[in-house]
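Chemist: Given next are the chains, with one letter for each unit.
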Amino acid sequence: MITLSPRKTIPLQLTLLTPVVAIALTLVIGAIIFATLGYHPGEALYQFFVAPISRPDQVADLFVKACPLIIIASGLVFAYRANVWNIGAEGQMILGAMFGGWVALTFPDLSGWVMMPAMIAMGMLGGFLWAMIPAILKTRFNTNEILVSLMLTYVAALLIDWTVRGPWRDPMSFGFPLSPMYADAALITRVYLPGFGHLGGLHWGVIGALVIAVAAWFVLARTLTGFQVKVMGDAPRAGRFAGFNPSLVTIMVLGISGAAAGLAGMVEVSANMGQLQPEISFGYGFTAIIVAFLARLNPLAVIGAGLIVALAELGGDSAQIALGMPKVVTGVFKGILLFMLLAGETFNRFHVRLKMPVTAVREVSDA
Amino acid sequence: MLEQLLLTVLMTSVPLIFAATGELVAERSGVLNLGVEGMMLMGAVAAFATAFGTGNIWLAIIVGGLAGALTGGVFALFALGFATNQVATGLALTIFGTGLSGLVGAPLVGHAIDGLPQITIPVLSNLPFVGALLFSLDPMAYLAVALLAGVAWFLKRTRGGLVLRAVGDNHDSAHALGYSVLRVRLLAVLFGGMMAGLGGAYLPLMLTPHWAEGMTAGRGWIALALVVFASWLPWRVLVGALIFGGITIMQLAGQARGWTVPSQFLSMLPYLATIAVLVVISRNREFSLANFPSCLGRVFHAGK
Amino acid sequence: MNGSPRPAASPPQVALLTATGICKHFGDFTANDDVSFRIGAGEIHALLGENGAGKSTFVKMVYGLLHPDSGMFEWRGAPVVIRNPQHARDLGIGMVFQHFSLFQALTVAENIALAMPPGESIESLSDRVRAMSSEYGIGVDPDARVHNLSVGEQQRVEIVRCLLQDPALLIMDEPTSVLTPQESEQLFGVLRRFADAGVAILFISHKLEEVRSLTERATVLRRGQNVGTVESRKKTSKQLAEMMVGMAVGDIERREQGVGEPPAIFEISGLSRDRETQFSTPLRDISVVARAGEVLGIAGIAGNGQDEFMEALTGEWRASSAAMITVDSHQIGTAGPARRRQFGIGFVPEERNGHAAVTSMTLADNALLTGHSLNNVVRRGVIERAQMMQMAGEIASEFDVRLPEDNPLASSLSGGNLQKFVVGREIIKRPRVFIVSQPTWGVDVGAALFIRRAMLELAAEGSAVIMISQDLEEIFAISHRIAVLYDGSLSEPVVAADVTPESIGLLMGGSHSMDEART
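Residue numbers (this note's numbering), protein chains in the order written: chain P, 1 to 367; chain F, 1001 to 1304; chain G, 2001 to 2519.
Just so you know, the hints here were simulated from the structure itself, not pulled from any lab data. Computed from a prediction, not measured in an experiment: that's the story for all the values here. Just so you know, even glycine gets a beta-carbon here, dropped at the ideal spot from N, CA and C. Just so you know, not all the hints are guaranteed correct.
Computed footprint of chain P on chain F, listed as stretches where at least three residues anywhere in the stretch have a Cβ under 8 angstroms from a Cβ of chain P [what the hints assert, rightly or not]:
1. 1074-1088
2. 1260-1268
Looking from chain F toward chain G, a few residues come up when the C-beta cut is under 7 angstroms (computed) [stated by the list, open to error]:
3. T1158
4. G1160
5. L1162
6. A1166
7. D1169
8. S1173
9. L1177
So these bits of chain P aren't anywhere near chain F, every CB distance computed over 10 angstroms [unchecked claim]:
10. A35
11. V50
12. W113
13. D161
14. F174
15. T189
16. R190
17. M325
18. P326
19. G335
Just chain P, with the same shape it has in the complex (with noise of 0.2 angstroms):
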């Protein structure tokens, strides 16, 4: 019987350990299942959190992989700090990628100067739009933005391959459902740095997603409006008491949650495909969760937490291809990692204790 007392204060130690022990725990977890499994658990281990960065040149490969991961996780931490639960950034995320693609497919002719803003603001409206959905439903409703969010994914990915096979379809494409390339212009390219080149696949939108997470530590701790969005979440009584209105939080929220998923996914198209395609996001919406709580909600720890996950991801890819592992793989350490964070959480709140049940009723503390 596992019996909770809250603490008095919490240990700084402590706060920072915990997340250290949960990716401890998720590793042994992990291979004590592959090992079950029949897969030799070094070697499964080796496979996902080594390989992929033994070569200088992947740490690129690295900070590319945590590019969409980083940027969605900012915008969700404002959501889950106000206690609004997105779980769509996968939709969003596609519509963000259809928004920016509709221009770059629309106007293929703009200059660089005007067809990335462009793409760039059609993408976060695309993402911001389908959050708006259930923002209202929400606030006007009452319903619950949950399962709202969560089926409109479901929705989103059936739009894009709709478009993708149908009226976007390029007719130069042998029948593959692919849109047609983006003009330059509507690429991301890689950084250049003279003197330095090219640093392996690192591009732009990666310097974008860390600005960013700076900027959005910066508005949540620093400003009234991120001030707004945290009593918002512990205490929305006083939220209101202080003047706030919960309805505008919410929608801000969710508009800036969904606007930073659909920005990804503008920039996860432009920078590594190039053309639309039916299957864009990758569960990087759902991953981008894990991330935010890997990150205990604080943006600019979602840069490390970004690039822990998506060592994860990497490491999914190679142990398919040296391992025959399925994709879907990760899912396991990932939910693992989340398992852990949260409990961690509890031992950070409580002290824990394992106790005989001698009694039925457990003992409880009052002034």
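Please arrange chains F and G on chain P, whose structure you already have, making use of the hints.
Modeler: Frame of chain P, contents of chains F and G only:
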């Protein structure tokens, strides 16, 4: 043709009946378990693996239920044992269950099994139209309805059901009266897991006799919406499941009739319908709050 | 008070329950320190003490919810370890909690069934409920759903639930905190009948007059210790209060009103609010004026519209017309809280955890909660953190808030200290109008005195203070004028010096005019 269509509706609704009934019990005790999708997939892969490995369908059903219950147990360990945030824990369970089932099922992709046998109820199955439809179904379909009826009786008429409803209504009061809130919730969650596992098992055992990653395709989430739709009353779950079953196969029906609407839009219907239902329910508070478990999703701390 | 007092019982021959040397610690906090106690059959015994004195802890151990670290209980002369509430009930101990432990969505009969051992059918239980209900004059319908019942009715369900188990000892935790004086009198009649039938009653209360009227003996707990058992009627309320607090309770100086009416600063006219949920109270055409330099006390039992009224005053609920609330002739009835603060109004709502303050945030952040629209704490959207910390520090030092460290989390403050901070946060701005609900609820005596003094000082400087309070002693301690909120209507204010608590009590129970009350 109509008969075939209606039969498909009935069968499509079976996994939803299982999963939604199980989640309803968990929610009436105050626990919101968003991991239904993950538990269903674990049940599906376990049932398929058993059926493929042993050829014993009945064993497969049992194993499917057990797998679901065990997966639910993982949720209980964290959400009840460590008092973690139920929303996030449920999500973790979905991601974990989806991943683990994919891993376990990887070697099974591409293989097929024999499905469940039909059970024909004597005399009743000879009734015109209705006979072939309602009384010649597979055993799991009958099990689903039987369990639903059992849950309805349990909640309304038994002491155990009364205690469960009390825990979901006011866990502090239940605790003060000496009832073990966590034990009641644990049992409810395990039951919910078993039901989700059975619902998931129905997919490879009956509907499409093979295994594919993520083959539940969001049914777990629809089951969650169904519980709200049913305003936490068991018999309404049956109605809702049939309606959603109907909507789901509209896509097939549409294609068969040569509708020109693109298939993707027809496939969207269940998800859009779920949203519409949720909006309607949340607008009409009286209708939905009569049996709403007030402690739903709230973490229980002895001493608060 | 009506009804002849019961003759003072001689010390009980047969002690029903005896506690010897009971100790209970929570970490390094001592809740009960070597407490000894006895109560006999048919005795009505009060347990007195401030918040945090250990009363709740003690009765929870008697009821089996907690276990003592050392010490012993004896039941009918035999030593016993009370393992859990079920065991307590089996022994014959029943408890009616202060905060009802009822299940709202279930029927009365189902609620009662849950408190009884399994085996009896709902139907037979319902019959027993009806029988008992008529025998003792407690009207309770077994088939009603609890969420449809009034607070007084719900309490009666709690009582019937206890009685059906045929208790020998009945523990009641602050039962009259939600009743009018008349309902309390009714309850006392019922309790006296039980006592005559041999049931022992342990009555926790902080209402000294009540204790003196109903009980024969009273045990006072202070800081976990039993400081004495006395015969209730041989002591005055003041003496009992001194035992509870351990120091002479100083009278608070209240500046009497000068001649002539000071100017009205804050005016409410025709404020009405519809009933929004089944459990809310509508506001019915409330009109009242708060004047400079005075404390207007708004008395009333909880549940008569205080929450709805407070929300209308703070702006968390906006009136249908701006003219319904004016401050210095500015119409603000439709303005939100932040805007009202800009007109110089400060608010302190009833609930400090999660409403007046965010417990998970620091004091500096909590100062920002009501200060963000004022001064220069926010520049172009960015918060001036140094300024916030300084403000929080000033509030803490001026209002005697004891801090464990610099800029601590609000959760690490005791109730009294957090309340001083939350009150000080507003008063330090010297608001024109200061509106507070339950200013000293759950606060220790020292902090309560400090807060009341601060309010009187603010009024003396010329501000108007509106104080909503359920504590009649507090109302009379510092109000210049008193009005009563009953079922959403506000009575005509009267000068405090001209009325008695009993007459106010009658208004709280629904009498329609002061004339009726004065007779």
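Chemist: Classify the label on P:R190 as holds or violated, using whether its beta-carbon is more than 10 angstroms from each beta-carbon of chain F.
Modeler: Non-interface label stands for P:R190: nearest chain F Cβ at 32 angstroms, farther than 10 angstroms.
Chemist: Should the interface hint for F:L1162 be scored as holding, given a Cβ-Cβ cut-off of 7 angstroms against chain G?
Modeler: Holds - the Cβ of F:L1162 comes within 7 angstroms of chain G, reaching about 6 angstroms at its closest.
Chemist: Would you say P:P326 is clear of chain F, with no C-beta pair closer than or equal to 10 angstroms?
Modeler: At about 5 angstroms from chain F, P:P326 fails to clear the 10 angstroms cut-off, so the statement is violated.
Chemist: Regarding the hint that F:G1160 lies at the interface with chain G, is the smallest CB-CB distance below 7 angstroms?
Modeler: Since the shortest Cβ distance to chain G is 9 angstroms, the answer is violated.
Chemist: Per the stated criterion, does the least C-beta distance between P:W113 and chain F lie above 10 angstroms, as a non-interface residue requires?
Modeler: holds (36 angstroms)
Chemist: Take a quick look at P:F174 and tell me if its Cβ sits farther than 10 angstroms from every Cβ on chain F, holds or violated.
Modeler: Fine: 21 angstroms to the nearest Cβ keeps P:F174 off the interface.
Chemist: Does the closest beta carbon of chain G sit nearer than 7 angstroms to the beta carbon of F:D1169?
Modeler: holds (4 angstroms)
Chemist: Could you check if F:A1166 really has its C-beta closer than 7 angstroms to a C-beta on chain G?
Modeler: Given a least distance of 5 angstroms, the restraint on F:A1166 holds.
Chemist: Hey, does P:T189 actually stay past 10 angstroms from chain F on C-beta?
Modeler: holds (33 angstroms)
Chemist: Quick check for students: does the CB of P:G335 sit more than 10 angstroms from each CB in chain F?
Modeler: violated (2 angstroms)
Chemist: Take a quick look at P:D161 and tell me if its Cβ sits farther than 10 angstroms from every Cβ on chain F, holds or violated.
Modeler: Its Cβ does come within 10 angstroms of chain F, the nearest being 5 angstroms, so this is violated.
Chemist: Against chain G, run the beta carbon of F:L1177 and see if the smallest gap drops under 7 angstroms.
Modeler: OK, holds: F:L1177 within 7 angstroms of chain G, min 6 angstroms.
In this structure, the hints that do not hold are numbers 3, 4, 13, 17, 18 and 19, in rising order.
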